[in-house]
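Novice: With chain A fixed as given, assemble chain B onto it according to the hints.
Order-wise, the sequence lines are chains A and B. In terms of numbering that gives the first Met the number 0, the first sequence is residues 0 to 188. In terms of numbering that gives the first Met the number 0, the second sequence is residues 0 to 792.
Source of the hints: derived by calculation from the structure; they are not laboratory data. By construction, the Cβ of each residue, glycine as well, lies at the ideal position given by its N, Cα and C atoms. Worth double-checking, as some hints may not be accurate.
Claimed, not checked - Which residues of chain A face chain B? A partial, calculated answer using Cβ under 10 Å: (1) A31; (2) R93; (3) A98; (4) A134; (5) L173.
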Amino acid sequence: MIRTYTFNADELTPSPAEALSYLRIKGTPDDATDALLSACLAEVGSIADCRCRAGVFDLAFADSIHPVLRDSWLRGCDRFVLFCATVGIEIDRRIARYALTSPARAAVLDAAGGALVEALCDKLTERLSAELAPARFGARFSPGYGNFPLAAQRQVFSLLELSRIGVGLNDSLLLSPAKTVTAIMGIKT
Amino acid sequence: MNLLEKLHNGLVFFDGGTGSCLQAAGLAPGEAPEIWNRTHPQEIESLHRAYIEAGAEIIKSNTFGINPLRYPNDCAERVTEAMSIAHRAADGRAAVALDVGPLGKMLAPLGDLDFEDAVSAFAAVIRAGAARADLILIETMSDTAEVKAAVLAAKENCDLPVFVTLSFDGTGKLMTGADPLTALSLLEGLRVDAVGLNCSMGPDAMIPLMETLYAHASLPLIANPNAGLPREENGKTVYDLGPADFAAATAKLVAAGARAVGGCCGTTPAHIAALKQAVKDLTPLPVISREETVVSSFSRAVVFGNRPVIIGERLNPTGKKKLKEALRAGDMSTVLQIGIAEEEQGAEILDVNVGLPEVDEPTLLTRVMGELQAVTALPLQLDTSSPVAMERALRRYNGKAMVNSVNGTEESMNAIFPLVAKYGGVLVALTLDESGIPETAAGRLAIARRILDRAAAYGIGKKDIIFDPLALTVSSDITAPGTTLDAISMIKKELGAGTSLGVSNVSFGLPDRETVTSTFFAAALDRGLDAAIMNPGSAIMMRTYHAHLALAGKDPACADYIAAIQRLGASASTATAATATNTAADGAQNLKFAILKGLRTESVALTTALLAEKSLLTIVEEEILPALDECGRRFEAGTLYLPQLLMSAEAAKAAFDTAKATLPEAPATKGRVILATVKGDIHDIGKNIVRVILESYGFSVIDLGRDVAPEAVLRTAKEQGIGCVGLSALMTTTVPAMRETVELLHRELPHVKVCVGGAVLTAEYARSIGADAYCRDAMATVRFAEQFANERV
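Chain B on its own, in the form it takes in the complex:
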């Protein structure tokens, strides 16, 4: 019987701690346990043997701390040595787990270890150790990105079973924010063979986490707890649970769902022997194949089926000029603002589509995805027709993504199924094939059935597929909406599968589209639609959604509906709101005052009112600019501080955007400026402040973000024909990157003017690195831009 069969049939026993046992044998505190593979191989072998004699059926190789980042010269050799010792000790009596621990360096964006470098580092360990191992044990992981890198390395470099145990903290979260369900969804998506918990706390604290895992997992579960909590006694670390107490407490973990049990820090062969004695007659809870559809990010899981899920559709350049321009220029702030707005409007998942003919889509999709994951915890739906872009993004996505989309054509299924089988994900499957979209609901059901069958061959189950039966335009075919609605019902009833719909299409070509779309949306929800790809910024769609939940009995006491209407405003009270606005707007003085005071909402309302009588240009010249100038002067004089300046800038920008939105054509910008925080520097708050102030003064800012390579600044300046660049750096260590960027720009584009700023810079320093100006604050940058960015585009 192989190990996996054994695990599915009953209990399996791991060994216990290594470091704490070696310290008892003389390993100095602070000395790495793996050193002893070389200096004391006999002691390591004896410890392995002691565990096997105590009843361990899986022993962990003494390789936890070995990786190429710690041992760049002889990592492989060290792994091989450890594996030989374990193999010799096991001698066929126990399985040997190649033990893989964290790299000890943080992955980007927290640290600067690139994801692929992490994969390579783990791969080096796996390649060196797999030949002598019976399984891979990736353990004590507390970062979902790192554990994903480790699992991919294991899968790509051996065929052994992969077990993963995670280390949650006292709040029940991983260091990077995932709860057990969130982490589980990622690992099940990656097709590991068993998951569980180790280290960080004693067995008692693990019980609720194990219960949560068991409620959702379709895999065997592992528990390797510490021997309670560590404390210091006479300079030595001791743990508070002896063998008997440890065994009694760990038995409760078996009752909660664990079927592979052993120990971590502080446990000894005596602990394992006691544990085995205590639980040997217990029957573990069955491994159940759960049918739960879950997508996740690094810290949040969304479970389908409870109530319909809103997927925001706005991050898609089709028909959106501003987003198109932002994507082409690499201006991330505009892109991210759209995503954040969707979240605030109620989206639970964000669709991300960056498909434009002239961009490098694989690179851009991966970048936008990464930047979004730095500012929102919402799971993402990766939306691209390019399998290359899909793979690049899926590989790096931190969580279990939605994959938009596959369809019933051979080409699509052959390209997309392998990606989901490898990286995990929930597929959006369109019910069309080589012959197009069937005209009947039964035809769409047949395609759905075929997609399910084909997916099963790749190990992709029904729970990881959501069908989109395709909403077509009612104005061109009056029967189309009925067919789509019937298909929703049939897919649900016949296949028991989930459905999603891009609902907006239905109203194409008709006046007052939202009325048609929202009515169709209500009908689809009534048929049991599980998710909708829609605009959460549409108040009528959101009202319809919340009304549906109340009517369908999914909103106890209609509390969510009432809260939503308070947020969205009632559909009948629009006139009342307009009157209130007019009352507030009693003269020119007020908008200026509102901006000076930094009152954003009031500024928008006042601008709306003023637009009835004045042109945009007049409002800008008579109200917005004078207010900003006064703020700027007071800031320069030291009588007004940064937060107030920013609040005023926000109010001014909101007023400006409100006015601009009424114009058919975007007004001429005052000039364009590129901003970037230089390579190696990740602190960009100063640059962000400068951006806001520049924008409030009417400049267009292309914000390249932080950690920006010199070449990227040059490329943007060249491609966009921009002559004014602002660079920021916080640390002395990143000033060389700033110098490099300035030099590159001046060499390649001599007409470009560069200003620099940041905590460690001075005017003299700025001169010495060749900058055209030193700007001590945001206002200084405005003055610089007024001088050099006064182009017309």
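In isolation and in its complexed conformation, chain A is listed as follows:
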């Protein structure tokens, strides 16, 4: 069955290093950037609305998402988890607003939001892995990655009924809110 999970942002630990990598910053940032990043990580945490949808499916079901999955990413698995995680629309609104008032903050908030949704994926994975113990998860991968085409986003969207958590998919296959991830993980029993 497909379930909705909600989390408080203070349960999450977004990685500053991850945010820096989105900003293409290698090595140590200067003090100003570092301070801005700390402020932005705190800000995204305070406005995040963390919701997920996740379901466990038999391997046979993978074909209805995309035929490449079964013989590549899910090889050796008997089931798989399909999930979506979003940190909500307010972060998009803030980014749009800062783009007009403080573009540096917009860019760093964007990166912090990215790090936050990754942390949400990790937290959800942790929860699912406790629920499904002792089964183990394979690598996490998303539509648009490798031979898993972005177009599969449509199947994922309708299968998980993502409008239930306020996630939209447009005709260009963009997910909204912007800080939203969909992914699959194989399950090995």
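Specialist: Relative to the frame of chain A, chain B by itself:
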């Protein structure tokens, strides 16, 4: 007795859940309940009958999931089938609600479902089902824009009562951010017949929400809670409240104000029977006609009457050259920056006026309104003299807007009242009529009285009208301000209605206008003015406002006043501030350093100081540009990163704007560039970065925003005579739109140079779609613009 009379007289019972009961009867998990209308019509009919036998007086048709987006080929047929089953089961013993659920697709700007397409989709369901229905029930809604589309579809396609129930989450908000009062104001504005709560949580969690609704609602309230919270047991979903517990908990919702009660997910005929037994002797709380003036956005409500409301007046092109140019060119960022600045200065509502002779006002007003609602949660006051523009904007506005304005002329009332009666809104009513503005306060009161009477005929009550008794210029008539002030008092005392005033007019033609305006403002506040349309950027007006609140006993311990003065600066300490600035500005090195370090405030202060001794051109050439060039070089060399580059650009732009503001004429731009994120693409952070850097280098940027059609780019390039265009796209799926835009531009305007950028692009890809250049980052775009946008305008 019809259903609405029954609801106003006492309790009415809804049925309970459908999906969970059908799953117990064999519906597979994941299988849509509406499928059974075709495959198992008997089971559906039996369930309806079971609910009626349990005591339900309203049954919900099994149409929750049916709409043309899910069933493009046979939506109407499916609705008709479901309605026939419900009608047969009810057989006159219960009312049948045509059940309308969410479309399952997100509306723009969250998704890409257009508002009017949503209205059409709902309309298809309503038209197919209304004939066999006694009422429309729009339920489980969690987006204010979507629920508005559904209500309009219902109102436009049938005459049945419209009930709406919303699904709030654990934080007491809808998915798109509205709290109960905010959502209620929208729905009451749309003239629905009953509102309430359903799904999402059990009855206990609904109690505080129901209490809030009851405190503000003038309508009967509905509660259809779940049977507690769902959990999984052996692969099946079960709910934690049995009939008795559910009934006891739901009875508390009746005590909190609900008068139509039933159930949602997990409830069964047994739950409804128990509920009816538990509450049948209760008398519901009375439906009270509340006299509260409320406007709202998608997530915020502003209630009038507690303290005067500041309505920002700056989004109005009259006398503002820069805003005029931005509106003509479709440059949204300039427009939005004004609105955000007003919010930061303390405006609680933004007046939006885009009236210019040469623009398509209905289209532009709707666009500006939509863009503003993407960056600010402040409610908007739509300000136009065109009823067509007003209707277009009101229809799409996400919330309950202020409508500026109606007046006492027949023409105005006939045009504007029907719009507010249909879409909701709080009217700003000007006390003038065919004979002009009365010279006496009594004359203005008489017009106000007539406007109230006429509005009542449209079902528009006093709470939805704010009167503007019109401030006239004191320099041309010394008695004018007194008349206006008296009119405020009389409208308040005689009619009990609210007032608003555009205060700035009073000082026209006099020196030091702000002193006159703010003194008049204080007098008007003292007479009980409820709102002022004013410039929140005027420190003296804001000081006056906060001083009034303190003096009127509306600011405990004067805490807000003290905070406001800290923010605004005290009126006497201007000299001290200037001295501090001079101390900081001890030489040319410093501005360059401040820009390099990205210190915006310091850059502004240093520029102000430098202007005393140097010209703008010298400051730009000796300080700003060298600093930016160094940042740019270091960025290109990889020793300085994007956030620092942006911080420096912000500081440089702030310095540049400060210097520019001292000049009588805007200096020549380095050149003009159009930027756009292509059609279908809504991720525009990269484009926004490019804009800032270009602007900091002195280019004028016309930013067309995101999801921009090829034709819109072409039109702007043609009309504005611009030869340099930058396009961005984030996704591989939107690169075709980029190619289309490049091709269109090159075909129609061969001299135009187009550069492209974005996450998925490469130099090779850019060449293959015909672009003149690939710009890997903002600095590359600056280099491109230096080469091709070096026009003089």
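Novice: Now, for every hint given, state plainly whether the structure supports it.
Specialist: For each hint, the structure was consulted:
no.	hint	verdict
1	A31	holds (6 Å)
2	R93	holds (9 Å)
3	A98	holds (4 Å)
4	A134	violated (16 Å)
5	L173	holds (6 Å)
Hint 4 alone, counting from the list given before, is not met by this structure.
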